[in-house]
Structures are given as structure tokens and as C-alpha cells.
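J.: Let's have the full structure, built from the sequences with the hints guiding it.
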Amino acid sequence: MTPESNPILIGSQRVRVELIDRPIDRRPLSDFIRDPDTGAQAWFEGVTRRMTGSQQTDRLEYEAFTPMATRQLQELAAQAMDAFSLTAVAITHRLGVVPIGEASILIGCSAAHRKGPLAALPWLMDQIKADVAIWKREHFAGGQSQWVHPQ
Amino acid sequence: MNCQVLLFAAARDLANSERIDVEVPPPVTAAAVLDGLGRQVPRLLPLLPACRLAVDQAFVPADFPVSAGSELALIPPVSGG
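Read top to bottom, the protein sequences are chains A and B.
Take the first sequence: its position 47, counted from the start at 1, is 47 in our numbering, and no numbers get skipped.
Take the second sequence: its position 47, counted from the start at 1, is 1047 in our numbering, and no numbers get skipped.
Only true hints are included.
A few chain A residues facing chain B, derived, Cβ under 8 Å: (1) 67; (2) 131; (3) 132; (4) 135; (5) 136; (6) 148; (7) 151.
Simulated restraints on C-beta separations: (8) 43/A to 1002/B: 43 to 53 Å; (9) 1004/B to 112/A: 41 to 51 Å; (10) 1027/B to 39/A: 50 to 60 Å; (11) 150/A to 1062/B: 15 to 25 Å; (12) 1056/B to 31/A: 26 to 36 Å; (13) 1016/B to 151/A: 18 to 28 Å; (14) 150/A to 1061/B: 16 to 26 Å; (15) 1050/B to 53/A: 15 to 25 Å; (16) 1071/B to 58/A: 31 to 41 Å; (17) 40/A to 1071/B: 32 to 42 Å; (18) 53/A to 1061/B: 32 to 42 Å; (19) 58/A to 1018/B: 21 to 31 Å; (20) 123/A to 1061/B: 15 to 25 Å; (21) 1004/B to 123/A: 34 to 44 Å.
In short, the hints are calculated from the structure, not lab data.
The structure displayed is predicted, hence computed values, not measured ones.
Just so it is clear, CB atoms sit at the ideal spot from N, CA and C, and this is done for glycine as well.
T.: Listed below in C-alpha cells is the structure:
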């Protein structure tokens, strides 16, 4: 059983972070970052992929150290708010089994102009992939499985 | 000092446990905790050089002094996203 985090909103800052154990619904994120004073929303959706090299993946399974990962995502979102002059950021990461072709992560951000949100997305993904306490396990079509620990 | 360390992903599977109690002689630094884990569970040794220790849910440097009562977690290379 994977523990979930409730959406966490930090003070007056427009940051929303959650780890959930079910398919990601875009609507609450979209509602959260929508703002009449913004002119741009940018989104990144990470989707589970079938082929890695010549190996066929059957499904992926994500696990988190939930309190640490939630805190890390909050800090990264807050840093992105400042660094990229964003109005709002919402990050949802799915945990547990994620069938092929479904979203494992969804990030949405908004700002007055497009350059900040477009630049924030790759920065956030790089930080998340380097540091946030979340791991995936690949279950291959042949029945074997392995944790992915890039070194 | 007795240190309880939370384990995740491949580290948890290798140790076959979600947490391990490690007796660490002073001075109790992050590096000493990692050394203690390797002594106690040699199966972790191949993975340990790539792991980081988190103290109270934040990464710490090798010489970080660990105090009693802190929450310790062994963080293998992450793969979220």
C-alpha cells in the first residue's frame, strides 16, 4: 500500500504538490494554475513507456518516501516560482502501479508570459529526476522486474 | 549510538526489511551510519556507494553529525518522473 499526500498549498504562494495512488486527473491542477492575470500555461506530462532499448516493459511501479518527496517537491516548486517568475505551479506524481501509456507525473505552471513556464518545466523535471525521493520498478514482459537506480 | 535507518526500493529488497537498527560508534556522522549499514547488511555493499543518507528528510554531507532522535533514511539513486 502506498501512502498518499494530500494536496499541500503553501501560504500565499501558489504551489500545489501531491503524491497520489490513482490516475492523475488534470482538472484540479488546471483549476489551480488558472488565473485571469496570466497569459501562458505550460504543461509537462510524463507517460510510462513500453520499450526501453530492446526490452519490453509490462508496467511500472512507483514508490516514494512520501514525506520527504512531498517536501522536496514543495521546495522545488517554490524555487521555480522565483527563478522563472511564475504565478502558480502544480505538481502531481502518481505512485503504485502505472500501466503503460498512463501519466506518472503532471506539472502545470502559469505566468504572465510564456518564457517562464516553458523554461520551468525542463528545470523542474531535471531536479525531480536527480533528487526527489521517488523510485520506479520496471516489470518486464517476461515476468522479471528491477528497480531503476541510475548511477 | 543506536540508529534506525529507513530503507527504500532496491535497498529495502536487499535487506528484506523496511528499517534496520545499526549500532554506530562515535563520532556518529552520516558516513559512519552508511559504513555501519554495510557491516550489518553486506548485501547492501554494492548499492551503498551510490546511496545518500537523508537526515530528517534532507540530504546531508558525509561529515554531517547525526544526533539521537533524528529520522534517518537511506536514499538509493532516485528514478521518479
